[in-house]
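Participant: Chain by chain, the residues:
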Amino acid sequence: MPISARNVFKGKVTTIKEGLINAEVEIATSGGDKIVAMLTDASVKSLGLANGKEVVAVIKAPWVVLLAGTPEYRFSARNQLKGVVSEVVKGAVNSQVKVTLSGGSTITASITNEAVAELGLKNDVSVIALVKASHVLLGVPA
Amino acid sequence: MPISARNVFKGKVTTIKEGLINAEVEIATSGGDKIVAMLTDASVKSLGLANGKEVVAVIKAPWVVLLAGTPEYRFSARNQLKGVVSEVVKGAVNSQVKVTLSGGSTITASITNEAVAELGLKNDVSVIALVKASHVLLGVPA
Amino acid sequence: MPISARNVFKGKVTTIKEGLINAEVEIATSGGDKIVAMLTDASVKSLGLANGKEVVAVIKAPWVVLLAGTPEYRFSARNQLKGVVSEVVKGAVNSQVKVTLSGGSTITASITNEAVAELGLKNDVSVIALVKASHVLLGVPA
Chain B
1 MPISARNVFK GKVTTIKEGL INAEVEIATS GGDKIVAMLT DASVKSLGLA NGKEVVAVIK
61 APWVVLLAGT PEYRFSARNQ LKGVVSEVVK GAVNSQVKVT LSGGSTITAS ITNEAVAELG
121 LKNDVSVIAL VKASHVLLGV PA
Chain H
1 MPISARNVFK GKVTTIKEGL INAEVEIATS GGDKIVAMLT DASVKSLGLA NGKEVVAVIK
61 APWVVLLAGT PEYRFSARNQ LKGVVSEVVK GAVNSQVKVT LSGGSTITAS ITNEAVAELG
121 LKNDVSVIAL VKASHVLLGV PA
Chain V
1 MPISARNVFK GKVTTIKEGL INAEVEIATS GGDKIVAMLT DASVKSLGLA NGKEVVAVIK
61 APWVVLLAGT PEYRFSARNQ LKGVVSEVVK GAVNSQVKVT LSGGSTITAS ITNEAVAELG
121 LKNDVSVIAL VKASHVLLGV PA
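Residue numbers (our numbering), protein chains in the order written: chain B, 1 to 142; chain H, 1 to 142; chain V, 1 to 142.
Simulated from the structure, these hints should not be mistaken for laboratory data.
One should not assume that every hint holds.
Since copy identity is lost for identical chains, a pair holds within one copy or between any two.
[Claimed, not checked] With a cut-off of at most 25 Å between alpha-carbon atoms, the simulated PhoX-like pairs for lysine-lysine come out as follows:
1) K45 - K34
2) K122 - K90
3) K98 - K34
4) K12 - K34
5) K82 - K45
6) K122 - K82
7) K45 - K17
8) K12 - K82
All chains should be built: construct the whole structure from the sequences, respecting the hints.
Facilitator: This is the structure we're talking about:
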């Protein structure tokens, strides 16, 4: 898909919970993961979202936080995807880290080189990718 | 303005829709674009936002997603600004891409070099800049 | 903590304001700052958040906007932390800027080199770090 975001997951809507101006939408990805997105109610309507509808969930690499080692804390992020580091590309101050999820799909995180060093990130290290629901975009076939 | 965010759009508030703790605020920019921001109700009150009020909308470059080519999907992002690439500055892993919008203003996106290559981004390529409402800050004259 | 996000603040919950699907949570950090996070109600329940509960607030460096000089605008960001630049590490297109807050803790921002130049950021320059409530993750001891 011609989109700059590194992470695009195909799936189907499983739940929509509407508030006054925001809505929480859950999707089941074809890779077997659950992804939660927080949208405006206006977007839910304009995209015609409903249970069973095919969607893509889009997440930019700088919106992904990685956790490694034994978790000392439980986090509020609605999306917590378990996987294993499969590539680390270092830049001047930031690195791009690819994580292969259990279902086979990949999530890319952009994190600082400092964090790569502190977490000892390299191939085969187990991590959890955290993404806030408010950082997920949804798309529907045009 | 002495602010690190690359994107600052001047405009006026046209609509405020309040929820229990969040509020959706629409502004019309002087460049002729519409920008939607999701704020807390507390911010709407403390900034004294009301229809017609002069504001600036602030968006960091890493919060902008770019779409190129024929759109296969329609996206939930409330802000979808059409323009043409006017500059690409490549870094080690990330690039800064400037997009000139139809009204003449510019939006800057920070995206990976991988995405620049995949989307074939260079001067004069048409793109759509997507920004979630929850990623927009508003400011009022001090 | 083994987490890629550069900013982790320890604190205690002081206020929880619940909406239909979102909740606004205020914490007082041990460094004396107030941090506001916007979570889903589901996260508030699953983390067992309540007044007085120990938490960490997590903020990625690309989610931080810096303001310098005389403020011409007041901004909607619920988190506005005052401090002084204590380190600038330049990359190819982005820099990492560390800011020492009045309470002694540090917040790291990832901003463009362009912004570093425009704002004249270097050690001892006073800045305000802006962070939207919807960009803050909370964690509780596991």
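Participant: Each hint should be assessed against the structure and marked as holding or not.
Facilitator: Here is how each hint holds up against the structure:
no.	hint	result
1	K45 - K34	both (22 Å within a copy, 19 Å between copies)
2	K122 - K90	both (11 Å within a copy, 24 Å between copies)
3	K98 - K34	within (19 Å within a copy, 34 Å between copies)
4	K12 - K34	within (10 Å within a copy, 30 Å between copies)
5	K82 - K45	between (32 Å within a copy, 22 Å between copies)
6	K122 - K82	within (15 Å within a copy, 36 Å between copies)
7	K45 - K17	both (13 Å within a copy, 16 Å between copies)
8	K12 - K82	within (20 Å within a copy, 28 Å between copies)
Hint violations for this structure: none, all hints satisfied.
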